[in-house]
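Which chain is which? The protein sequence lines are A and B, in order.
If you count the first sequence from 1, position 115 lands on 115 in our numbering, and the numbers rise without skipping.
If you count the second sequence from 1, position 409 lands on 409 in our numbering, and the numbers rise without skipping.
Incorrect hints may appear among the rest.
[As the list claims (entries may be wrong)] Part of the chain A face toward chain B, derived, beta carbon under 7 Å:
#1 LEU26
#2 LEU39
#3 ALA226
#4 GLY234
#5 ALA242
[What the hints assert, rightly or not] Pairwise CB distance ranges, derived in the manner of DEER restraints:
#6 GLN271/A - LEU324/B: 51 to 61 Å
#7 VAL385/B - THR225/A: 33 to 43 Å
#8 VAL43/B - LEU213/A: 45 to 55 Å
[To be verified] Chain A is nowhere near these chain B residues, computed Cβ spacing over 12 Å in every case:
#9 LEU94
#10 SER106
#11 TRP125
#12 ALA133
#13 SER160
#14 ILE230
#15 GLN271
#16 ALA341
#17 TRP389
#18 LEU393
Bear in mind the hints are in silico, worked out from the structure with no lab data behind them.
C-beta atoms are modelled at their ideal positions from N, C-alpha and C, and glycine is treated no differently.
Number of protein chains: 2
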Amino acid sequence: MILDLLPALGPDSGATSGVTTVFMMLAVLVTAARLGGWLATRVGQPSVLGELIAGILVGPSLLGLADPANPYLHLIAEFGVVILLFEIGLHTDLSSLLKVGPAALSVGLVGVVLPFGLGYFTGTWLGLETLPALICGAALTATSIGISARVLGDLGKLKSLEGRTVIGAAVLDDVVGLIILAVISTIAAGGLITTASVATTAAAAVGFLVVALLLGQLVAPKLFTAIARIPLTGTTGALALAFALALAAGAQMAGSAPIIGAFAAGLILHQTPQRETIEEATNMLGYFFVPIFFASVGAAVDVQALVHPDSLRLGGLLLVLGILTKFVSGYAPFWVPMRHALVGAAMVPRGEVGLIFAQMGLATGALSPQLFGAVMIMVIGTTFVTPPWLAWLSGTTRKDMLANAISDDLDGLDDLVSGGRSHTGSHPTRNSEH
Amino acid sequence: MILDLLPALGPDSGATSGVTTVFMMLAVLVTAARLGGWLATRVGQPSVLGELIAGILVGPSLLGLADPANPYLHLIAEFGVVILLFEIGLHTDLSSLLKVGPAALSVGLVGVVLPFGLGYFTGTWLGLETLPALICGAALTATSIGISARVLGDLGKLKSLEGRTVIGAAVLDDVVGLIILAVISTIAAGGLITTASVATTAAAAVGFLVVALLLGQLVAPKLFTAIARIPLTGTTGALALAFALALAAGAQMAGSAPIIGAFAAGLILHQTPQRETIEEATNMLGYFFVPIFFASVGAAVDVQALVHPDSLRLGGLLLVLGILTKFVSGYAPFWVPMRHALVGAAMVPRGEVGLIFAQMGLATGALSPQLFGAVMIMVIGTTFVTPPWLAWLSGTTRKDMLANAISDDLDGLDDLVSGGRSHTGSHPTRNSEH
């Protein structure tokens, strides 16, 4: 059986040139994404927007330098999204978020129910079938924690009451969004929509999360304290990643989605004393693999389908819906004296999870290229309007923003979700960089 | 065409469970390799030995938890070996090695010609065909820089005249070994051995290396100084990796081997002011991906083929040859007053490049599982005998070694190959770990 091994290093074999092609595509995607991300920050936009657009540019429908349909590239992009969700989980302190409490809860719930419901009804009203309409609604649900935190941080509003409420609500709708994703992707794979199947999948997703968190809380701190005693450099980070991959695979086997597992792994390891070491190792991998995910999602955009009247019409509607419904959610905690408009506007950007929905829909064939294009218009549009809108609402000039806009998407998130604890010593690489 | 995308996140699709399976195998391989590496250091052996043996253990012929024939896993292992060669290149200062000069040159040349020639003749004498005999000879040529540097470092001999000579010679025979690899893998893929084809491939390998180094020296320092000005965290490291992948793919396209390109990329970036940032980012990826390579080579070992009398006979012969020929090479600079026995013994361990030869031979079908097993016996055996032998030669006790044996394979190599320049500040992560 070992003779089945693919030819490895022989220059002329087909499989090897496959690996070579992937290496070249990875080099192109990382370079394009990093440069695009940088250009985006130069005009006051989050880097993820530049990464998406860079991906569209190098994708098959324009330059043709990277093909997201390549199965090897697909694996690497999947690895990237697992790293991303693991990073988000690592940055999320569930217990301190619970303290923001009712305000965040109300924003989060309204911010899930309104977009999902209105998105679904708009879809069916426009003649979409049930599954594509569900995916359109679902893609509207999750605010991008990374983008919101980044823009609020640039404006110096991350630690305000409004900022903490937004992050609390964004974490909540990410969790709900991921559960919806698990349900819908099961439906998309199987085709059957029954109350029983929906209930089973939702129970699997919630159950996996609860069991993983409970078991993890019991086992992980002791386990990783033992691992950290292994005097072989890099062991803690490497085994934390192995843990995330194992939970991603486990979530899939339990009938949920791999990213739920990766997110759970992050939440669990957030509570270990080795969190900073793990974050540092994960960030280094994230700098390389996460842009590959965003750029490869961009590369899957068919520009001709994007400018198709159907895409533009539905995309425009989803965009308006996406902005209005999340903006309204900012007024949900009406009894709390706060700047509700600021909260609502900060809830608008979609990102990671919306893109994951779009990718899943396209991959399973539930979304046509036109529908995929419409969802992309919504994701890009909501991300695009947020920074100037928030700057205007908070009276910050673009120049102030540019001065702050030098950090990564997840920078500063730490301080907030861990309740203001200082972590200035946790990123030695951030200082030694440049 | 974008509808060709593999199903991404749907729980029940075949392609996705493919990705899930790979995630699980990666988790198993990394965990096993890290634990194996740690156990190896506990008994005074280099960690790579533990990673190999851990791979054998989880491989298809024993526990069956990881299958190196899986094409996705193969891609990740290839990525790991590219990172490894990039790391070795990054740690190699060609100009300061040239200063050790004639002594290292004579050790390196004798240490390539003797093992290659005797290995080839022994193979044909035992009835092997030309190609397998060539691979056996070639696998004997390259001393493992990582293992030699590690063991010498543990003994405190890395900066001695003997230590610098060994590293100089090991770099030289790595380069020669990689050129031999390019030639032999072309032959293995094509099947024809003519003077013209050998000359063409050797010229391609040398030519690629020379052109890449010259162009790189001109372009890379300015390019990476410009890149380092991009104020987006992680950009320098990510683009350096993209550079390594691009050169790996370029080397393959130029008719050479990907690892030649990755090694060249490392040599080029060694000379940039951003070297330490790049090393740090690469090390972090290396902690995860390099053990996957070694463990997956181990997993390709068929234990039944390993204990086959043919494997044991040829493996034993190759082992004796491998030890004797490299030991003799230590006496090549007879005119230099130094401890020749120490140099010779330190040249004995094979590792990375020997394993790459073995993998290539197995993958192209040029090596039967028995021959692959014989080469593995040689690699494991030479690595196994070196630490106690060197400790005995230098009068160091095992207890002294254990006290030092807490760092990674490549630790300390820096100081040496860059002529003793201090880099104590270059690995903040090394200190913050544990």
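Exercise. With 7 Å as the cut and Cβ atoms as the points, is GLY234/A at the interface with chain B?
Worked result: holds (3 Å)
For this session: Confirm or reject the statement that SER106/B sits farther than 12 Å, beta carbon to beta carbon, from all of chain A.
Result: holds (29 Å)
Exercise. Should the label of GLN271/B as a non-interface residue stand, given a Cβ cut-off of 12 Å to chain A?
Worked result: holds (19 Å)
Exercise. So does VAL43/B sit 45 to 55 Å from LEU213/A, Cβ to Cβ?
Worked result: violated (38 Å)
Problem set entry | Hint validity - ALA226/A Cβ closer than 7 Å to any chain B Cβ | Cβ of ALA226/A sits 11 Å from chain B, so the hint is violated.
Problem set entry | Status of ILE230/B, Cβ more than 12 Å from any chain A Cβ | violated (5 Å)
Exercise. Are all C-beta atoms of chain A more than 12 Å from that of ALA133/B?
Worked result: The assertion about ALA133/B holds, with a minimum of 18 Å to chain A.
For this session: Mind checking the CB of LEU39/A against every CB in chain B and telling me if the closest is under 7 Å?
Result: Violated: closest Cβ of chain B sits about 10 Å from LEU39/A, beyond 7 Å.
For this session: Confirm or reject the statement that TRP125/B sits farther than 12 Å, beta carbon to beta carbon, from all of chain A.
Result: holds (25 Å)
Exercise. Does LEU94/B sit more than 12 Å from chain A, CB to CB?
Worked result: Given a closest Cβ separation of 23 Å, the condition holds.
For this session: Would you check whether the claim that SER160/B is not at the interface survives, using Cβ distances to chain A and the 12 Å cut-off?
Result: Since the minimum Cβ distance to chain A is about 24 Å, SER160/B lies beyond 12 Å and the statement holds.
For this session: Evaluate the condition: distance from the CB of TRP389/B to the nearest CB of chain A exceeds 12 Å.
Result: holds (23 Å)
In this structure, the hints that do not hold are numbers 2, 3, 8, 14, in rising order.
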